[in-house]
Amino acid sequence: MGRLSVIVALALLLGSAIYAYGIKYDTIVLGEQIARQKIKIQKEKDQIALLKAEWQFLNRPDRIQALSDMQGDMTALQAQQIVRWSEIPMRNGQLAQPAGPALPASDDITSSTVPTARKRMSDKKAPLRADDVSAGRR
Amino acid sequence: MLDRSAYPDPRHDQHDAPKPLHDEAGKGFLAGLFSMRMDKSRQRLIFVALIFFGLYGAIASRLVHYARNPETTQVLRRASGESIAAARPDIVDRNGVVLATDIKMMSVYAEPRRIIDKDEAVELITAIFPDIKPRDLREKLINRRGFVWIKREVTPKQQEEVYRLGLPGIGFMAEHKRVYPNGNAASHILGAVNVDNVGIAGIEKYVDSLGLADLGGAGFSVQADDLQPVRLSIDLAVQHALRDELAKGIVKYKAKASAGMIMDVETGEVMALASLPDFDPNNPAEALDPNRINRMTVGVYEMGSTFKALTIAMGLDSGKININSTLDARSDLKSGKYSIGDYHATHRVLSVPEVFIHSSNIGTARIALSVGVSAHQAFLRKMGQLERLRTELPESAEPIWPQKNWGELSTMTIAFGHGLAVAPIQAVMAVGALVNGGRLIPPTFLPRTEAKAREVAREVIKPETSEALRFVMRLNATKGSATKAAIPGYFVGGKTGTAEKNAHGHYQKDKLFTTFMAITPADKPRYLYLVVMDEPQALPETYGFATAGWNAGPVTGAVLERTAPLLGQVPRTDPPANPFPTMVKLGAWGTK
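As given, the protein sequences belong to chains R and F, one line each in that order. Sequential numbering of the first sequence, starting at 1009, is according to this note's numbering. Sequential numbering of the second sequence, starting at 21, is according to this note's numbering.
To be clear, the hints were calculated from the coordinates, so they are not data collected in a lab. A hint or two may mislead.
Derived CB-CB ranges, DEER-like [unchecked claim]: (1) W1063/R to N303/F: 18 to 28 Å; (2) E181/F to A1043/R: 25 to 35 Å; (3) F72/F to I1015/R: 20 to 30 Å; (4) K138/F to E1062/R: 34 to 44 Å; (5) Q1088/R to L247/F: 39 to 49 Å; (6) Q1073/R to D352/F: 43 to 53 Å; (7) N344/F to W1063/R: 53 to 63 Å; (8) S1076/R to D594/F: 29 to 39 Å; (9) I162/F to S1076/R: 51 to 61 Å.
Each computed DSBU-like pair below joins lysine-lysine, with the alpha-carbon atoms no more than 30 Å apart [claimed, not checked]: (10) K1060/R to K177/F; (11) K1048/R to K521/F; (12) K1051/R to K124/F; (13) K1060/R to K124/F; (14) K1051/R to K177/F; (15) K274/F to K499/F; (16) K153/F to K171/F.
Each residue gets a CB set at the ideal place from its N, CA and C atoms; glycine is no exception.
Can you build the whole structure from these sequences, using the hints too?
The structure is reproduced here in structure tokens:
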């Protein structure tokens, strides 16, 4: 009886030892894989940080202004050029579409307070959108 | 591993179970080891105990060894007494645009003890880094320290070259390098770091004071991933526009220096702050030049007529005068051997709004006198003008005022902004309180909600007094000296200030310090603009004038026109109906 239990205990010991070693070696292999991936992730993160810094370096206001200054025909935004949606007259009795990419043609706009905006709209470029202002940067 | 034959026979075990195992011949040592009898197991227990002691002892001693000699950069760092640039949190503006960030750079170090041929090493390394002096490097390598830096922040190409030398005892370590991609744009706010990535000025120093430095000093290696970006109240686009317009102003008016800031009067958030000449934080040595100080927070100046707003507010709030009071400005005000006159002399009796728009020294001096010396001093103290104003920026300055001999003459001159020198940011805080309904809110460079601002705010004047101030500032922009900044659509109010600079105890007529404060929109101000210029020159197109209305005023106008849309201000084609109801009710001068 005692001897049997001893043998069983030994067999269990042996089995559990083999099992534990198996797990240990698996862990080591996995650990190495994790370490490798971590190094890769770190490298990617460093790269991202570098690219982010570079992106901002390229987008620094000084440079953007220098680039815009090269476009000779651009002038600073005037207060009169900014209008609210509510100030834009309706066309054919329909509501202006706030989500639309461009504004309707300028023919119906009679307001004399927005001459510059009118001109720009009739040029069919750089559509003005009041939500640029009211949604704003705040 | 185990000899099977050495095991007891299972059948035998079954039959002779009661028999003591150790009696069995041929079972030998193993059988003895498995004996169940207590009297024979003493030896075995000692044996097992010893093995356990040995094992755990070995583990413990190894742990102690690891703790004492960690095989990381920390050991090199300790050994050398030199620090390694730690990670810092990014600094971003209110919209999340990066203002300061870390990038990894490789640095070359040496372990002198492990270098075999030092002369060869010196020769080869100096060939790659021509800016290292061979003698300095030799001295570094000869000493017996375990670790010395050879060169911080090398390029990948240089790293490759050093690697190819294959010198023993030379290694590389990744370090964090602070970069400011926007260059000069927000230099005075951000400050700078030294080569070890420790903040030495501005917000960088403030960030360190939050505990980052202590953490690093205690031996924790701070990982970049653990750090949350620090968000500022600054808007980079607005900041750039402000700085750009100030730079243009300096060139146009040939000023020595210029500075400006934009503050949200509802929350105290600084939206932009620039002081020119400034520096590139990527090259912090530039910041040491005393001409490049932050004139908004470190410089103290006599703010001139902008202080008249404070004096009038004090008079109205004390009840000693009201908006319809009249003040005699027919002749100069005499005090002892001094005489106070007006720059734009009117030689007549003025109402309170007229005193403001004609910027009458005599009128404001009379208001201050009517309130009295001690009440004047108490009011300025309440407005935070007599104490150092501290913000997140570590740089600040103590105001200069006559602490011992503040008499009637002091009160008279301080009433119109001479004799008391404050940091411009302090004046901005005070004027902000005058126009926002009477709440004094300390300026901050970090985001702050209106609810939070209400908690830190202090009621300093009555809302009616605040309305009167908004009214006179608006009046000044339509009829007075602030017309050059009155950009249509933004309902601007403003006040000019021109002070003669004091050198060697004398005021100099040709050396001026001009200031301009503007609010928009004047009926319910959201933003307060301040521009100061140091020694602007008169130009032909300013008709030979160098006062604030001709230089700081137009510059403020340009800043306002450019930044108001960025700040979400919607221009109004029609002025607001009845913006100042109380003033109309009182029938104040200029409402009709």
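43 to 53 Å as the expected CB spacing between D352/F and Q1073/R, which holds or is violated: holds, 49 Å
With 29 to 39 Å as the target window, see if S1076/R and D594/F comply at their CB atoms. holds, 32 Å
Between K1048/R and K521/F, is the straight-line Cα distance small enough, at 30 Å or below? violated, 61 Å
51 to 61 Å was suggested as the range; check whether the CB atoms of I162/F and S1076/R agree with it. At roughly 57 Å between Cβ atoms, S1076/R and I162/F fall inside 51 to 61 Å, so the hint holds.
Just to be sure I understand the hint, the distance between the Cβ atoms of F72/F and I1015/R should be within 20 to 30 Å; is that true here? holds, 24 Å
Just to be sure I understand the hint, the distance between the Cβ atoms of W1063/R and N303/F should be within 18 to 28 Å; is that true here? Holds: the Cβ-Cβ distance is about 21 Å, inside 18 to 28 Å.
Given the hinted pair K1051/R and K177/F, is their alpha-carbon gap at most 30 Å? holds, 18 Å
Are N344/F and W1063/R spaced within 53 to 63 Å by their CB atoms? holds, 59 Å
With respect to the beta-carbon atoms only, verify the hint that K138/F and E1062/R lie 34 to 44 Å apart. 39 Å Cβ-Cβ, so the 34 to 44 Å window holds.
Is K1051/R close enough to K124/F, meaning Cα to Cα at most 30 Å? holds, 10 Å
Check whether the Cα positions of K1060/R and K124/F lie no farther apart than 30 Å. Distance ~13 Å between K1060/R and K124/F Cα, so the pair holds.
Sort out whether K499/F lies within 30 Å of K274/F, counting only the CA atoms. Holds, at about 28 Å.
This entry does not satisfy hint 11, going by the numbered hints stated previously; all others are met.
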